[in-house]
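Use the sequences and the hints to build the structure in full.
Just so you know, the protein sequences line up as chains D and B, in that order.
Here this note's numbering is used: the first residue of the first sequence is 2, the next is one more, and so on.
Here this note's numbering is used: the first residue of the second sequence is 74, the next is one more, and so on.
What the hints contain is simulated information worked out from the structure, not anything from laboratory work.
Where a beta carbon is used, it is the ideal one built from N, C-alpha and C, also for glycine.
One or more hints might be untrue.
[Claimed, not checked] Derived, one-sided and incomplete: chain B residues facing chain D with beta-carbon distance under 10 Å:
#1 144
#2 264
#3 265
#4 272
#5 276
#6 287
#7 367
#8 368
#9 381
#10 393
#11 430
#12 513
#13 516
[Unchecked claim] Okay, the calculated bits of chain D under chain B, using three or more residues with CB under 8 Å as the criterion:
#14 52-58
#15 62-72
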Amino acid sequence: MADQQQTYEAATARLEAIIKRLDSGEAGLRETLELVREGRGLVEFCAGELEAVGQGLEELRLDELVARLEQ
Amino acid sequence: MRRHRLCPTGLYLGVIAEQRARPEGIEGSPHAGPFPVGAYAAKLRDELRKRARVQLFGEVFGLRAGRARVWFELRDTEGAVPCAMWRDAFEELGLPDGALADGSQVVVAGGPDYYPGSRTASPSFSFAVSGLRLAGEGDLLAQLEVLRKALAAEGLLEPQKRLARPALPRCIGVVTGEGGKARDDILAGLRRRGWAGRVVWAFAPVQDRHAAPAITSALQDLASVREVELVIVARGGGSLADLFAFCDETLCRTVALLRVPVIASVGHHTDRTLIDDVAAVSCSTPTHAAESAVPLHCAEARTAVQSAAGRLALHTRRAVLDRVRHLAHLSRAPAEHVARERRALHQKLREVRASATRRGREERTATGARAQALGRRAAAAAGPELAARRTALDGFTLALAAHDPERVVERGYAVVDDRQGHVLTSAEAARRAREVRLYFADAAVDATIEDDG
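Right, here's the structure in full:
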């Protein structure tokens, strides 16, 4: 996992908050640029998470997974 | 032979008669009596109550509840006994709603009883039930209810519900039967979500007596793998006895305390097993369980993320470009202001010059006219002195030209006005105005008269 602390739902929730703040037009230039930078990081994280479950279904038996982890 | 008519009136008359005297018996009958029926009924009740208390089992039929009692027939293929139970005692059993119904297998304890009736109430025979226990499937349900209450009292129905469920798990564990249809249904549900992560199967028997320990162990094994983020436990429909493995106490306690959320889909929606109660989520079908495991529709989520990225880019452009435009505007503003002031000053200077030139021209014209008039008068009056006077006159003309304000200014003098466009020609006027403007050949400067006279 890219980030143990970060979860997809927390990332999307924060992203929505950021876009809402930007849409409000109340953020100054510095804040806007900081929000955009943070937002880009979140987009990247979310895209990575979606990518991870978009590569094709992988089916494993539990014993196979355990064996693989023990290697 | 005397015959009594069995009508209310006859009965009444009979009672009256009985109170007066016992009627004669049936002639030739070998039986004792006649006895008063009420006494016989009471005796009959007492005799029945002396019979041994027993337990019977059978199937409930015609269940109905009155204010004071609950009645039903207990039947099997060979016969039946009408049963009655005090309502208080029945309610103390704490049976779940609907657990006792027609067709329920029960064991009852009690003995025969007889209600002797009265002048206004009909007599009745019944098996007086003092204890009752559900048997068969009803028994399972009752056991289930007891266990459910015990787990609820220990707070074990809640921990799973408090676990955070990932919106987009990467790895899902599944406990199910290896050959069951549930497996295909789960895969179909995951595909419907557009999810293509990792599924870890932990196959276990799902209906015999080995099932519960095997399922428990599979769950523990899956939960011990760090990358498994949640577990689905699935099994298709079956009889309650088939599904009873999922009501196992050890299994349910394990689920309740598992570190990952468990999504249960056991049996059909009409079946309610105990694992449904302790799990984080209970679903009616394995397909729903899979959809519940991945709450997010992946394709929609991708579109949403792309849209978010687009909005961020838009805001970046807007924020930077808008501010660049604003800054450019701000940077131009002082220069524009200075240029505007300069234009205004030049305009004023032109106006002052034009005004001075106009007055000079008027003076020149008037002086020229006077000079011509004087010349003519001089020529007429002086004759020979004409040439000399003309020379003098030319000198005056030159002197006048020398007084042209523009020329004067160019030579180093300055024109003074009161900043309102009125030329000041005396020290007194300058003192009055105080705030004056001096127009030099190249530009004007403001000045304040400090001299108060």
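- prompt: Would you say the region 52-58 of chain D counts as covered by chain B, given the rule of at least 3 residues with C-beta under 8 Å?
  reply: holds (count 6)
query: Okay, the region 62-72 of chain D and chain B, do three or more residues pass the C-beta test at under 8 Å?
result: holds (count 5)
query: Hey, does the residue 287 (chain B) contact hint survive, CB to chain D under 10 Å?
result: Not OK, violated: residue 287 (chain B) not within 10 Å of chain D, min 12 Å.
query: Close enough to count: is the Cβ of residue 367 (chain B) nearer than 10 Å to one in chain D?
result: Cβ of residue 367 (chain B) sits 8 Å from chain D, so the hint holds.
- prompt: Going by Cβ atoms only, is residue 513 (chain B) closer than 10 Å to chain D?
  reply: 47 Å, violated
task: Go through the hint on residue 264 (chain B) and say holds or violated, using the shortest Cβ distance to chain D against 10 Å.
output: Since chain D brings a Cβ to about 8 Å from residue 264 (chain B), closer than 10 Å, the hint holds.
query: Measuring from the C-beta of residue 272 (chain B) to each C-beta in chain D, is the shortest one below 10 Å?
result: Since the shortest Cβ distance to chain D is 5 Å, the answer is holds.
- request: Mind checking the CB of residue 276 (chain B) against every CB in chain D and telling me if the closest is under 10 Å?
  value: 7 Å, holds
message: Min Cβ distance, residue 393 (chain B) to chain D: is it shorter than 10 Å?
response: Holds: closest Cβ of chain D sits about 8 Å from residue 393 (chain B), inside 10 Å.
query: Given residue 368 (chain B) as an interface hint, is the shortest Cβ-Cβ distance to chain D below 10 Å?
result: 9 Å, holds
message: Less than 10 Å between beta-carbons is the criterion; does residue 516 (chain B) satisfy it with respect to chain D?
response: 42 Å, violated
query: For the hint on residue 381 (chain B), does the least C-beta distance to chain D fall short of 10 Å?
result: 5 Å, holds
Hint violations for this structure: numbers 1, 3, 6, 11, 12, 13, all remaining hints satisfied.
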